[in-house]
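J.: Since the structure of chain A is already known, use the hints to place chain B on it.
Chains as they are written, first to last, in the working numbering: chain A, 1 to 245; chain B, 246 to 882.
Certain hints may be false.
[Claimed, not checked] In the DSS-like style, the derived pairs of lysine-lysine whose C-alpha atoms are separated by at most 25 Å in a straight line are: (1) B:K712 <-> B:K278; (2) A:K197 <-> B:K429; (3) B:K429 <-> A:K208; (4) A:K197 <-> B:K424; (5) B:K733 <-> A:K49; (6) A:K11 <-> B:K786; (7) B:K733 <-> A:K11; (8) B:K786 <-> A:K46; (9) A:K46 <-> B:K732.
Note that these hints are calculated values from the structure, not bench results.
Residues per chain, in single letters:
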Amino acid sequence: MNLKLFVWRQKGPNSQGKLEQLEAKNISPDMSFLEMLDEVNEDLIKQGKETIAFDHDCREGICGTCSQIINGIPHGGQERTTTCQLHMRKFKDGDSIYIEPWRAKAFPLVKDLIVDRGALDRIIQAGGYMSNHTGGSADGNAVLIPKPDAEVAMDAAECIGCGACVAACPNGSAMLFTAAKVTQLAMLPQGKIEAAKRVCLMTEQMLKEGFGNCGNHYECQAACPKGIKVSFIAKLNREFMKASV
Amino acid sequence: MILDGKSPSGPLSQKWSKYCQDMKLVNPSNKRKYNIIVVGTGLAGASAAATLGELGYNVESFCYQDSPRRAHSIAAQGGINAAKNYNNDGDSIYRLFYDTIKGGDFRSRESNVYRLAEISGNIIDQCVASGVPFARDYAGYLETRSFGGAQVSRTFFSRGQTGQQLLLGAYSALSRQVKLGTVKLHPRTEMLDLVVVDGEAKGITVRDMVTGQISSYAGDAVCLCTGGYINVYFLSTNAQGCSVTAGYRAYKKGAFFANPCYTQIHPTCIPVTGEHQSKLTLMSESLRNDGRIWVPKKKGDKRPFNEIPEADRDYYLERKYPSYGNLAPRDISSRAAKEACDEGRGVGPTGYGVYLDFADSIKRLGEDTIRARYGNLFEMYERITDENGYKQPMRIYPAAHYAMGGLWVDYNLMSNLPGLFVLGEANFSDHGANRLGASALMQGLGDGYFVIPNTISSYLVSTKPGKVKLDHPEFKKSQEEVSTMTKKLLSINGKRSPKEFWRDLGKVMWNNVGMARSEQSLKEAINKIPEIREEFWKNVKVVGSGTELNQELEKAGRIADFLEFGELLARDALHRNESCGGHFRTEYQTAEGEAKRDDANYCYVGAWGYKGADKEPELHKEPLTFETLHLAERSYK
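Isolated chain A (complex conformation) (with noise of 0.2 Å):
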């Protein structure tokens, strides 16, 4: 099949951006997402243009690298589907496919499709972790962990730290993605005695970093590819009242 594509250029955080339109030709159903974008980018050294840069490594869903905005929605609306993983089964032959980088405040641009989301490493160097030193730990088995509070700290420890979350927000909230770590550890036996620090230090990180509040509307779950739940959002804000009052 043959497309139009709409793809955000930026040489730099400075410079002015625009979409710049391009072919993506004999395109297979079978091809990924960052598959066609390869053959658009062969295209484009073979006719000795720079070819567009975008954020991408294990093309398998995992590492949280690729991030771009497809026809609107941070990677391209396919259910707990990163943008790597998206195929291009999923379009139709004459398609316009419009694509953009991560767009928030906290994640300034970088060149083309890549944005810097170096604050959500920030807000993990805040507090996103046990401070236990290496050695010297209990037999793994010396406390007990209910099966439930390990599969809910499992649910919330898939996050891969994409952004897509921010990306979908109206106010650039990385509320979930906070809100999985601080989750993830509260819900731990080992996690509980540092909980009321942690999410005090990793939502002050967050504020600074420029992401907005949680406004409820929802689009970070429906954006996550890995079905992080807004409900973990509450467990934020209950463990941030605990730690509060």
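T.: Showing chain B alone in chain A's frame:
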């Protein structure tokens, strides 16, 4: 040169504790004076940087990704082995050690493997303490599953995302050290050279992938935790950015490269669909716990799966290896799939695929149980193939997956260049000629959390902190070399894209140096690869400039290294006139078609030394001595 692995003396089970008792320590107040460079933030790199920072060293951590959390360890699915014997099924440190040595076809160093088995239990404890949500049973205890090459259930897991959870655990520990100020992160920074001063590794030269700036960092020791080289096959299960570059450039600076021909082709991956393919996706080996692998008995049987009766199906792994069945080790399972397809019994549109069938397990356990165990894998399979694995058998085919070979290291994980440490998949040390499933995660974390914090001090006590400063001429020289190569790549302005050369190389590697190799196929590869390389340096087209973010330039640099390294891999395979593990030479097989080792002549580690461009590399040997185990034919029947 005969290399010394520096295994401590004494009985196997006491070597590591004796080493730890005898080693010299760096005074706590002196630790912060030592600057340690850690390249890579996967399981090995993140756990090493975090732990070294925690001990008080000054750590600089580098990765090419935009965040350390994205290193490719994150994609490991199935699990992590540990000899906990929680199931009372007969597991022990010795058994894990034995399984790993046997799985590696008796081509690994006994003392390293025993140490790994010894610390495997601590790794689980450490991960639990740092918040890794391992699977638990209803009583709250840790659950395990079975993996290939073992008859006990010792693999701990977090659904189908164990690598992700372990990496995020190590990343959390790393993040904590960043906040405490002991570790400084350098994301989107690619190591392009190792700086060696007076024979010792004292720094690295890097390219800032956003600005294009080339600069150097000095360190008292350098730890390479840069993963494997399996992308030399172009199509593999590795991430797009995985490369041999860090290791290969260290090799060009004098570090020996050991056993490059030991490559792992993973049996359960989604088959190739066409030329456009950029990567192959692995389906966890854990699926083989409940899936049965089969092909039609007859050649060219094109009936759909549901019209092929039981009597016409060949469950070839169960037939050939009754005691291990579908859980035979990876090399054996992959080769068996290739044989079936080469005989014309493959399935799917290309004929290069075999069925992985869950029908029996669904009948026995119900679809819900299968969904609970592997739900995310079935979803992933459907996303890629548009087929429902619950309703019809999955189609799988082997794909390049893991590199057992890597830079040579001794028991300290130090290469022949003093001050250069190599951890995780980037080194050669623990998996011999074939790695067992769920052992890579164990080794990565074992090296980073528990081995390097001890062994690095043995080196540091012998070197004064800050001995070499950035103003040393070697740094300038290294930066000039890197700049020259960058400029050259940008100036060729030929007709073909870097990727085209990568694909050409991949085809030669897969066809001639893949699952089955022969003297003839290897000699052909050794002729063809230099031709591709020569054309690359005349006809590659790298668009964009060197002073900005340029993904084509990054790719071209990595491909340039693969084009040299592929030849080294083929040379190693040609010199090793035996079959062992993942290295299968068609001339050396038993009457039943199994790998035939030659212990009299090849029971050694082959470590190659760089002698200059267009010169043949020099082979160094580390003889493998088995003090505890007897060399035996590896049988899984």
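J.: Now tell me, hint by hint, if it's right for this structure.
T.: Do the hints match the structure? See the list:
At roughly 11 Å between alpha-carbon atoms, K712 of chain B and K278 of chain B fall within 25 Å of each other, so this suggested pair holds. Taking the CA atoms of K197 of chain A and K429 of chain B, the gap is about 24 Å. The hint holds against a cut of 25 Å. Between K429 of chain B and K208 of chain A the alpha-carbon distance is near 21 Å, which keeps this suggested pair within the 25 Å criterion. Straight-line distance between C-alpha atoms of K197 of chain A and K424 of chain B comes to about 15 Å, which keeps the hinted pair within the 25 Å bound.
This hinted pair checks out: K733 of chain B and K49 of chain A have alpha carbons roughly 19 Å apart, not beyond 25 Å. As the CA atoms of K11 of chain A and K786 of chain B are separated by approximately 20 Å, the hinted pair is consistent with the 25 Å bound. Between K733 of chain B and K11 of chain A, the direct Cα distance comes to roughly 23 Å. Compliance with the 25 Å bound is thereby established for this hinted pair. For the suggested pair K786 of chain B and K46 of chain A, the alpha carbons sit about 8 Å apart, so the restraint of at most 25 Å is met.
The straight-line distance between the Cα atoms of K46 of chain A and K732 of chain B is roughly 20 Å, inside the 25 Å bound, and the hint therefore holds.
When each numbered hint is compared with the structure, no violation occurs for any of them.
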